[in-house]
Every structure is written in structure tokens, then in C-alpha cells.
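Enquirer: Let the hints inform the model, and build the full structure from the sequences given.
Once you know that position 70 of the sequence shown is 70 in full-length UniProt numbering, the rest is easy, because the numbers rise by one and skip nothing.
In short, the hints are calculated from the structure, not lab data. Among the hints, a few may not be true.
[Said to hold, decoys possible] Label-pair ranges, simulated between beta-carbon atoms:
hint	residue 1	residue 2	range
1	E42	E74	43 to 51 Å
2	Q38	I65	36 to 44 Å
3	D60	F34	47 to 55 Å
4	D35	E74	44 to 52 Å
[Stated by the list, open to error] In silico SDA-like cross-links for lysine to any residue, where the CA-CA straight-line distance does not exceed 25 Å:
hint	residue 1	residue 2
5	K66	R51
6	K66	Q77
7	K61	Y71
8	K49	K68
9	K68	E55
10	K68	L57
11	K70	K49
12	K70	E55
13	K70	E58
14	K59	Y45
15	K68	V80
16	K61	T75
17	K49	D63
18	K49	Q38
19	K59	A72
20	K68	Y53
21	K41	S56
22	K41	S52
Think of the CB as a built atom: it goes at the ideal place given N, C-alpha and C, for glycine as much as any other residue.
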Amino acid sequence: MQINEQSNHQQSSIIQNTNTGSLIMESNDSAPSFDAVQRVKELSYELVKVRSYNESLEKDKMDLIKEKNKYASETYQLRV
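Expert: See the structure below:
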């Protein structure tokens, strides 16, 4: 019975993601090898790119808000 349970566990294991509660299936039946370290490096690189892009968008947003406020102030002064 233990041998059967071990082989079933090796065939397919379920990992529950504690952050989202979603289930991820991992299957070891002749799938190509998965290099976790390489995948973490790739995801880290992607995260850095996304964060950099996000910071750029935030800066652009702040510049646009400043410009909008400047024109709003000028428009108000023209009305008075």
C-alpha cells in the first residue's frame, strides 16, 4: 500500500498556492525537466522590467498632473 501511495505521489503532486488559494498540478510523467532556478531568474528579470516601467509611468503621471494644475491655475487667473 505504501509503495502504491509513493508512486501516485511521484506521478502527480498538487501544490496549493497559499496566496491565491489556486491549485497547481505538477506532473512527472516524461515531462521535460524544469529548471526552477532558471525560471526564478527569468521571473525576477521580468519583475524588474515591470517595476521599472511602472516607475516610469508614475513619473509621467505626476508630470501630467503638475502640467494640468499649472494650466488650471493659469486659466483661473485669466478668468479673474
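Enquirer: All hints are to be evaluated individually against the structure, with a verdict given for each.
Expert: Quick rundown of the hints versus the structure:
A C-beta distance of roughly 48 Å is found between E42 and E74, which places it inside the suggested range of 43 to 51 Å. Taking the beta carbon of each, Q38 and I65 are about 41 Å apart, inside 36 to 44 Å as hinted. As the Cβ distance of D60 to F34 is approximately 38 Å, the hint placing it in 47 to 55 Å is violated. The hinted window of 44 to 52 Å between D35 and E74 is violated, with their beta carbons roughly 58 Å apart.
Restraint check for K66 and R51: the C-alpha separation of about 23 Å stays at or below 25 Å, so the hint holds. At most 25 Å may separate the alpha-carbon atoms for a hinted pair to count; K66 and Q77 meet this at roughly 17 Å. A distance of roughly 15 Å separates the Cα atoms of K61 and Y71; the hinted pair therefore holds under the 25 Å criterion. As the CA atoms of K49 and K68 are separated by approximately 28 Å, the hinted pair breaks the 25 Å bound.
Taking the CA atoms of K68 and E55, the gap is about 20 Å. The hint holds against a cut of 25 Å. Restraint check: the Cα-Cα separation between K68 and L57 comes to about 16 Å, which is no more than 25 Å; the hinted pair holds. With a C-alpha separation of about 32 Å, the suggested pairing of K70 with K49 is violated against the 25 Å cut-off. Between the alpha carbons of K70 and E55 the distance comes to roughly 23 Å, so the proposed pair stays at or under 25 Å and holds.
Annotation: proposed proximity of K70 to E58 holds, straight-line Cα distance about 18 Å (limit 25 Å). Between the alpha carbons of K59 and Y45 the distance comes to roughly 21 Å, so the proposed pair stays at or under 25 Å and holds. Of the pairs offered as hints, the one joining K68 and V80 holds, with about 19 Å between alpha carbons and a cut-off of 25 Å not exceeded. This hinted pair checks out: K61 and T75 have alpha carbons roughly 21 Å apart, not beyond 25 Å.
Among the hinted pairs, K49 with D63 is consistent with the structure: their alpha-carbon atoms are about 21 Å apart, no more than 25 Å. For the hint pairing K49 with Q38, the CA-to-CA distance comes to about 17 Å; that is within 25 Å, so the pair holds. Distance check on the hinted pair: K59 and A72 sit about 20 Å apart at the alpha-carbon level, within 25 Å; holds. Between the alpha carbons of K68 and Y53 the distance comes to roughly 22 Å, so the proposed pair stays at or under 25 Å and holds.
Restraint check for K41 and S56: the C-alpha separation of about 23 Å stays at or below 25 Å, so the hint holds. Between K41 and S52 the alpha-carbon distance is near 17 Å, which keeps this suggested pair within the 25 Å criterion.
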